[in-house]
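Colleague: The chain contents come next:
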Amino acid sequence: MAHQIIRNVATVGITTCVPSAIEENISQPFFKEGEAEKVIASTGIERRRIAPPNVTASDLCFKAAEKLLEEIGWAREDIDGLIFVSQSQDYLMPATSCILQHRLGLPVSCCTFDISYGCSGWVYGMSVASSMLAAGTMKKVLLLVGDTPSKFKSRKDKTAWPLFGDAGTATALEYQQGAPEMFFSLFVDGSKFDSIIIRDGGCRHPFSTSSLEEKEIEEGVVRRPLDSVMNGMNVFSFGLKRAPEVVNDVLALSQHQVDDPDYYIFHQANMFMNEKIRKKLGIPAEKVPYSMKDYGNTSCATIPLTINTTFGTADMLRGKTVVGTAFGVGLSWGSVLLTLDNLKHLSLIEYNEESI
Amino acid sequence: MTLNEFMDVLAEQFEDTEREAFTPQTRFKELDDWSSLTALSVIAMADEECGVSINSDVVNNAQTVEDLYNLIFA
Numbered sequence: 393m394a395h396q397i398i399r400n401v402a403t404v405g406i407t408t409c410v411p412s413a414i415e416e417n418i419s420q421p422f423f424k425e426g427e428a429e430k431v432i433a434s435t436g437i438e439r440r441r442i443a444p445p446n447v448t449a450s451d452l453c454f455k456a457a458e459k460l461l462e463e464i465g466w467a468r469e470d471i472d473g474l475i476f477v478s479q480s481q482d483y484l485m486p487a488t489s490c491i492l493q494h495r496l497g498l499p500v501s502c503c504t505f506d507i508s509y510g511c512s513g514w515v516y517g518m519s520v521a522s523s524m525l526a527a528g529t530m531k532k533v534l535l536l537v538g539d540t541p542s543k544f545k546s547r548k549d550k551t552a553w554p555l556f557g558d559a560g561t562a563t564a565l566e567y568q569q570g571a572p573e574m575f576f577s578l579f580v581d582g583s584k585f586d587s588i589i590i591r592d593g594g595c596r597h598p599f600s601t602s603s604l605e606e607k608e609i610e611e612g613v614v615r616r617p618l619d620s621v622m623n624g625m626n627v628f629s630f631g632l633k634r635a636p637e638v639v640n641d642v643l644a645l646s647q648h649q650v651d652d653p654d655y656y657i658f659h660q661a662n663m664f665m666n667e668k669i670r671k672k673l674g675i676p677a678e679k680v681p682y683s684m685k686d687y688g689n690t691s692c693a694t695i696p697l698t699i700n701t702t703f704g705t706a707d708m709l710r711g712k713t714v715v716g717t718a719f720g721v722g723l724s725w726g727s728v729l730l731t732l733d734n735l736k737h738l739s740l741i742e743y744n745e746e747s748i
Numbered sequence: 046m047t048l049n050e051f052m053d054v055l056a057e058q059f060e061d062t063e064r065e066a067f068t069p070q071t072r073f074k075e076l077d078d079w080s081s082l083t084a085l086s087v088i089a090m091a092d093e094e095c096g097v098s099i100n101s102d103v104v105n106n107a108q109t110v111e112d113l114y115n116l117i118f119a
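Which chain is which? The protein sequence lines are X and W, in order. Residue numbers for the first sequence follow our numbering, so the first one is 393 and each next one is one higher. Residue numbers for the second sequence follow our numbering, so the first one is 46 and each next one is one higher.
There may be inaccurate statements among the hints.
[To be verified] Have a look at the derived ranges for each label pair, beta carbon to beta carbon:
{"#": "1", "chain 1": "W", "residue 1": "T68", "chain 2": "X", "residue 2": "V580", "range": "38 to 44 Å"}
{"#": "2", "chain 1": "X", "residue 1": "K685", "chain 2": "W", "residue 2": "E65", "range": "33 to 39 Å"}
{"#": "3", "chain 1": "X", "residue 1": "F544", "chain 2": "W", "residue 2": "Q70", "range": "24 to 30 Å"}
{"#": "4", "chain 1": "W", "residue 1": "E57", "chain 2": "X", "residue 2": "R591", "range": "34 to 40 Å"}
{"#": "5", "chain 1": "X", "residue 1": "P681", "chain 2": "W", "residue 2": "G96", "range": "25 to 31 Å"}
{"#": "6", "chain 1": "X", "residue 1": "I397", "chain 2": "W", "residue 2": "E65", "range": "54 to 60 Å"}
{"#": "7", "chain 1": "X", "residue 1": "P445", "chain 2": "W", "residue 2": "T68", "range": "18 to 24 Å"}
{"#": "8", "chain 1": "X", "residue 1": "P681", "chain 2": "W", "residue 2": "E93", "range": "19 to 25 Å"}
{"#": "9", "chain 1": "X", "residue 1": "D707", "chain 2": "W", "residue 2": "T47", "range": "52 to 58 Å"}
{"#": "10", "chain 1": "X", "residue 1": "L604", "chain 2": "W", "residue 2": "G96", "range": "32 to 38 Å"}
{"#": "11", "chain 1": "X", "residue 1": "R591", "chain 2": "W", "residue 2": "V97", "range": "40 to 46 Å"}
[Claimed, not checked] Below are the DSS-like pairs computed for lysine-lysine, each with C-alpha atoms no more than 25 Å apart in a straight line:
{"#": "12", "chain 1": "X", "residue 1": "K424", "chain 2": "W", "residue 2": "K74"}
{"#": "13", "chain 1": "X", "residue 1": "K685", "chain 2": "X", "residue 2": "K671"}
{"#": "14", "chain 1": "W", "residue 1": "K74", "chain 2": "X", "residue 2": "K430"}
{"#": "15", "chain 1": "X", "residue 1": "K633", "chain 2": "X", "residue 2": "K685"}
Please keep in mind that the hints were generated in silico from the structure rather than gathered at the bench. By construction, the Cβ of each residue, glycine as well, lies at the ideal position given by its N, Cα and C atoms.
With these hints in hand, go ahead and build the complete structure from the sequences.
Modeller: Okay, structure coming up:
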């Protein structure tokens, strides 16, 4: 069973970088009269940030990492590891984390790798990063988690396009003796791998001219085999069952009651689904912040993004116990319980091309 | 849960259609206020009211209210 109790690892900072361009759901061309209002009311998503064509998830993560490193005062030569979690890597090869090592001026003595995960990616990334540090020989690891769903969702798909936004995040973890324990509970069910999928462009279905052929699935839903497709009903049913289960599982592992944690930060799928999950667990609304109204579902970036949009400074979250829970593509899901005694910095910035 | 009780909770998932309009033979996906959101509400209803986790096949395969009842409690 993928349970972990990690000792002597502290989360010291989290920064999110979002694109500056805002896209409003109320003015999407594929909505018929009155339809946009209904979609906004049920999803809770009013607007999203969309990266320009030349800006990738790694660019957003790079900017977040630069800001975070400056704020927490880490010397770059002291960084021992960099992990990049995304479904929108720069190239099929090499791993984007290699490129980021150089761009960030990290030493060649650093180990880097990519983790190909979406929605549940931050929880999985935190698990791997903290495991690397727990042995005590590596001291500092940078976890970069970001996605640009706008680059693989069809702009002509009214069932997908209004839900997703772009964001890049950086989380700094370090070895600190006596840091509060971190608890992880991770799960995967590959039998439902095609519930959220981009069929073409990998090795199973290599890119071909047919990858570009548009197909009208229904009115207002046009996709190519290169675009991401989701079985909304199955993903909804999955989240409703698995998210509460995994929260209860991490609470049991850490010997906490549901009332103990100060905050529960969930993957931001949509308001309809997230509220069902919150109510099923009986968690009061004030303990469950959301960022989806202004940012939508930013895939693996939703948990750090929600932390950064909710808590303006580290003082607001330092010493608090937080449960982060994510679920989605894979299908995979997981929870982490953290007590943030050593948090130094939190910030939210906008991507500004001139500063790169 | 009896079929009658099931129809009581199913009717609540529809915005406009009244309870009286539901019979075991009602083709619920042909009602005017059926939408993709109602489909999600039915999945949530199965979870909350019936304690059963259903996937899209159940909603896609059920034509009548009685079909849905039988598939959920299969």
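Colleague: So does L604 of chain X sit 32 to 38 Å from G96 of chain W, Cβ to Cβ?
Modeller: At roughly 45 Å between Cβ atoms, G96 of chain W and L604 of chain X fall outside 32 to 38 Å, so the hint is violated.
Colleague: Quick check: does the Cβ-Cβ distance between F544 of chain X and Q70 of chain W fall within 24 to 30 Å?
Modeller: Between F544 of chain X and Q70 of chain W, where Cβ atoms are some 43 Å apart, the hint is violated.
Colleague: When you take the CB atoms of P681 of chain X and E93 of chain W, is the distance between them in 19 to 25 Å?
Modeller: 24 Å, holds
Colleague: Given a hint of 25 to 31 Å, does the C-beta separation of P681 of chain X and G96 of chain W actually sit inside it?
Modeller: Given a distance of about 29 Å, which is inside 25 to 31 Å, the answer is holds.
Colleague: For I397 of chain X and E65 of chain W, compare the CB-CB distance with the range 54 to 60 Å and indicate the outcome.
Modeller: 56 Å, holds
Colleague: State, for the Cβ atoms of K685 of chain X and E65 of chain W, whether the hinted interval 33 to 39 Å holds or is violated.
Modeller: Given range 33 to 39 Å: holds, Cβ gap about 38 Å.
Colleague: Given the proposed pairing of K685 of chain X with K671 of chain X, does the C-alpha separation stay at or below 25 Å?
Modeller: 19 Å, holds
Colleague: Please test the hint of 52 to 58 Å on the beta carbon pair from D707 of chain X and T47 of chain W.
Modeller: 56 Å, holds
Colleague: Under the criterion that the straight-line Cα-Cα distance not exceed 25 Å, is the pair K633 of chain X, K685 of chain X satisfied?
Modeller: 24 Å, holds
Colleague: Are the Cα positions of K74 of chain W and K430 of chain X separated by 25 Å at most?
Modeller: The hint holds at about 19 Å.
Colleague: Decide if the proposed pair is consistent with the structure: K424 of chain X and K74 of chain W, CA atoms, cutoff 25 Å inclusive.
Modeller: Roughly 21 Å separates the two Cα atoms, so the pair holds.
Colleague: Falls inside 40 to 46 Å, the C-beta gap from R591 of chain X to V97 of chain W?
Modeller: 30 Å, violated
Checked against the numbered hints above, the structure breaks hints 3, 7, 10 and 11 and satisfies the rest.
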